[in-house]
Amino acid sequence: MQQSNLYIITFTVLMTIFFGTLLSLTRMTLEPRQKKQEEIDTKKKILGAVVNVSEYDPEKILSIYNERMQSMVLNYDNEVVEIDSKGNKIIAENINIQKNYKLDPEERMYPIFMYKNIESGDTEAYIFPMFGNGLWDWISAYVALEKDLNTVMGISFDHKIETPGLGARIASNEIQDRYKKKKIFDDTGNFISITMLKGENNKGINVHQVDGMSGATITGNGVNKMIFHYLECYSSFIEEKKLDQAIKISKN
Amino acid sequence: MSTEVLDKEIKKNKVSEPLLSKRRKKIISDPFNDDNPITIQVLGICSALAVTIKMEPTIIMAISVVFVMIFSSLITSVIRNYIPTRVRIIVQMAIIASLVTLVSEFLRAFNYEMFKTLGAFVGLIITNCIVMGRLEAYAMGNKPYDSVLDAFGNAIGYGWIIITVAFFRELLGSGSVLGFKVFEFIGWENFPTNGLMVDSVGAFIIIGLIIWVQRSISGYVEN
Chain P
1 MQQSNLYIIT FTVLMTIFFG TLLSLTRMTL EPRQKKQEEI DTKKKILGAV
51 VNVSEYDPEK ILSIYNERMQ SMVLNYDNEV VEIDSKGNKI IAENINIQKN
101 YKLDPEERMY PIFMYKNIES GDTEAYIFPM FGNGLWDWIS AYVALEKDLN
151 TVMGISFDHK IETPGLGARI ASNEIQDRYK KKKIFDDTGN FISITMLKGE
201 NNKGINVHQV DGMSGATITG NGVNKMIFHY LECYSSFIEE KKLDQAIKIS
251 KN
Chain Z
253 MSTEVLDKEI KKNKVSEPLL SKRRKKIISD PFNDDNPITI QVLGICSALA
303 VTIKMEPTII MAISVVFVMI FSSLITSVIR NYIPTRVRII VQMAIIASLV
353 TLVSEFLRAF NYEMFKTLGA FVGLIITNCI VMGRLEAYAM GNKPYDSVLD
403 AFGNAIGYGW IIITVAFFRE LLGSGSVLGF KVFEFIGWEN FPTNGLMVDS
453 VGAFIIIGLI IWVQRSISGY VEN
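These protein sequences, in sequence, are chains P and Z.
Counting from 1, one number per residue, gives the positions in the first sequence under our numbering.
Counting from 253, one number per residue, gives the positions in the second sequence under our numbering.
Calculated from the structure, these hints are not laboratory results.
By construction, the Cβ of each residue, glycine as well, lies at the ideal position given by its N, Cα and C atoms.
A portion of the hints provided could be inaccurate.
Derived SDA-like pairs (lysine to any residue); straight-line CA-CA distance at most 20 Å [said to hold, decoys possible]: (1) Lys368(Z) with Gly132(P); (2) Lys368(Z) with Ile97(P); (3) Lys35(P) with Asn442(Z); (4) Lys36(P) with Leu354(Z); (5) Lys44(P) with Ser71(P).
Cβ pair distances, simulated, as ranges [stated by the list, open to error]: (6) Lys180(P) with Ile342(Z): 52 to 58 Å; (7) Thr379(Z) with Arg33(P): 24 to 30 Å; (8) Lys35(P) with Gln293(Z): 40 to 46 Å; (9) Arg275(Z) with Ile9(P): 36 to 42 Å; (10) Ile218(P) with Gln293(Z): 49 to 55 Å; (11) Gln293(Z) with Asn75(P): 57 to 63 Å; (12) Thr379(Z) with Asn88(P): 49 to 55 Å; (13) Ile342(Z) with Met28(P): 48 to 54 Å; (14) Asp287(Z) with Ile218(P): 40 to 46 Å; (15) Lys86(P) with Lys395(Z): 52 to 58 Å; (16) Ser281(Z) with Thr16(P): 36 to 42 Å.
Chain Z is nowhere near these chain P residues, computed Cβ spacing over 10 Å in every case [as the list claims (entries may be wrong)]: (17) Thr26; (18) Glu38; (19) Ile40; (20) Tyr56; (21) Lys89; (22) Asn100; (23) Asp122; (24) Trp136; (25) Leu149; (26) Asn201; (27) Asn221; (28) Lys241; (29) Ile247; (30) Lys251.
Just need the whole structure built from these sequences, with the hints factored in.
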């Protein structure tokens, strides 16, 4: 009797309804908390490019972020975009860089975050989100340039599943610190980008190079490609800001 | 009439069985060692390799498996007489999958870092052979309390092995225990960390060594 088709169908339907309800209720209750966690995670990564956030608790990260960070979104032609095609307001922090990466460079949206000095209100650093491919899956970065838009103030990498101990080292302070004070333009103003070398303990590293990670050449190549590609995409913004500053300096 | 008396006696005996009788202690303790799901039954190897690079995620993984196993066994055992036999595997999967989703949602809300680290592996508890193995082999045919004990024993049996594996992999592969740099602390600054240990191969080697030690102590031989 228990084996009749009707019984089986009734049983599975009831079971589906029960678990379905349970899971959707859980999701609804937890969603605000999950959203907040995601927000903290994004802001932590952005802020991580300019300050060492590892010792800050989440509340402190949010308060520093709200106090000092400003954001805007540009399109490929260096125009500020505020409203998306559906008429909704665009929030720079909510832009999914991974989804944008899959679009043509001309169609992407490019968020830029500006780290302000609390007293003067001047921008101390411009932070550019980047996205690319490592060895196994995606890698991403937030690159902070000082106000000269040439010198790297800091960088924070993230990755999905690069090999632990090899490629995954990009997420460590040891590797990220190697990028500090490196320059993306040469003395005459030509764009060079920054290249991670192959192998470790290289000698004679110049200002456009960083020491590599042994055993992680492909991750390193991915990092180089990502940084080069995105700095090119942001180049019109960078050039414009540099020009503004040159004019300012000449006026003074 | 005599059968009635016997029935009553059995009932009486069952009621008076202590919460942790010898038989029940054996249900819990067997999977620790003599019938360990990983080292003897060789189940759940996939996650034992994947999540054991560092101790912290491994401990979270072990706790998640304990939770999922206990509750899935409890639920399955409570409704075991109503589960239609023809679709029982699907029912078991629905129970496990729902519990796993719960774990993953809670991790995402309360420990986002861990959620990112464990990511896919929490979802893969569904395919962990130990969980479904115990439901099919034990919870479908036994009372709720016994099933919970069995699930607890097996989950702990799984847990202690993966935590042991993670301890050695983190110690030798990253030179730390729970993120604490042991070798730097004792003054051995340039401890040569072993790249093999952070690779899956390291887990195979350590599980192999554990099985070797365990079998040479217990004298267990495969038939």
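These are the hints, each one checked on the structure:
Under the criterion of a C-alpha separation no larger than 20 Å, the hint pairing Lys368(Z) with Gly132(P) is consistent with the structure, at around 18 Å. For the hint pairing Lys368(Z) with Ile97(P), the CA-to-CA distance comes to about 17 Å; that is within 20 Å, so the pair holds. As the CA atoms of Lys35(P) and Asn442(Z) are separated by approximately 42 Å, the hinted pair breaks the 20 Å bound. As the CA atoms of Lys36(P) and Leu354(Z) are separated by approximately 18 Å, the hinted pair is consistent with the 20 Å bound.
Of the pairs offered as hints, the one joining Lys44(P) and Ser71(P) holds, with about 15 Å between alpha carbons and a cut-off of 20 Å not exceeded. The given range of 52 to 58 Å is respected by Lys180(P) and Ile342(Z), whose C-beta atoms sit roughly 55 Å from each other. Between Thr379(Z) and Arg33(P), the C-beta spacing of about 28 Å keeps the proposed range 24 to 30 Å intact. For the pair Lys35(P) and Gln293(Z), the supplied restraint of 40 to 46 Å holds, since their beta-carbon distance comes to about 42 Å.
Evaluation of the 36 to 42 Å hint for Arg275(Z) and Ile9(P) yields a pass: the beta carbon distance comes to about 39 Å. Checked against the hint of 49 to 55 Å, the pair Ile218(P) and Gln293(Z) fails, with Cβ atoms roughly 38 Å apart. Checking the proposed 57 to 63 Å range against Gln293(Z) and Asn75(P) shows it holds: the Cβ atoms sit about 58 Å from each other. Between Thr379(Z) and Asn88(P) the beta carbons are some 39 Å apart, a value that contradicts the proposed interval 49 to 55 Å.
With their beta carbons about 26 Å apart, Ile342(Z) and Met28(P) fall outside the hinted range of 48 to 54 Å. Our hint of 40 to 46 Å for Asp287(Z) and Ile218(P) holds, since their Cβ atoms are close to 43 Å apart. The hinted range of 52 to 58 Å is satisfied by Lys86(P) and Lys395(Z), whose Cβ atoms lie roughly 57 Å apart. Checked against the hint of 36 to 42 Å, the pair Ser281(Z) and Thr16(P) passes, with Cβ atoms roughly 38 Å apart.
A cut-off of 10 Å between C-beta atoms contradicts the statement that Thr26(P) is not in contact with chain Z; the least separation is 5 Å. Remark: the non-interface label on Glu38(P) conflicts with the geometry, its nearest Cβ contact in chain Z lying 7 Å away (cut-off 10 Å). With a closest Cβ-Cβ approach of about 7 Å to chain Z, Ile40(P) is found to fall inside the 10 Å limit, against its non-interface label. Distance to chain Z confirms Tyr56(P) as a non-interface residue, since its nearest Cβ pair spans about 14 Å, more than 10 Å.
At roughly 25 Å from the closest C-beta of chain Z, the C-beta of Lys89(P) stays outside 10 Å, upholding its exclusion from the interface. At roughly 20 Å, the least C-beta separation between Asn100(P) and chain Z is larger than 10 Å, which holds for a residue marked as non-interface. Here Asp122(P) stays apart from chain Z, with its beta-carbon at least about 33 Å from theirs, past the 10 Å limit. With a closest Cβ-Cβ approach of about 12 Å to chain Z, Trp136(P) is found to remain outside the 10 Å limit, as its non-interface label requires.
Residue placement check: Leu149(P) keeps its beta carbon more than 10 Å from all beta carbons of chain Z (closest about 31 Å). Remark: the non-interface label on Asn201(P) is consistent with the geometry, its nearest Cβ contact in chain Z lying 13 Å away (cut-off 10 Å). The non-interface label for Asn221(P) is consistent with chain Z: the shortest C-beta to C-beta separation is roughly 20 Å, beyond 10 Å. Distance check for Lys241(P) against chain Z: the nearest CB is about 33 Å away, which clears 10 Å, and the non-interface claim stands.
Distance to chain Z confirms Ile247(P) as a non-interface residue, since its nearest Cβ pair spans about 44 Å, more than 10 Å. Taking the minimum C-beta to C-beta distance to chain Z, about 47 Å, the non-interface status of Lys251(P) holds against the 10 Å cut.
The structure fails hints 3, 10, 12, 13, 17, 18, 19 (numbered hints given earlier, in ascending order).
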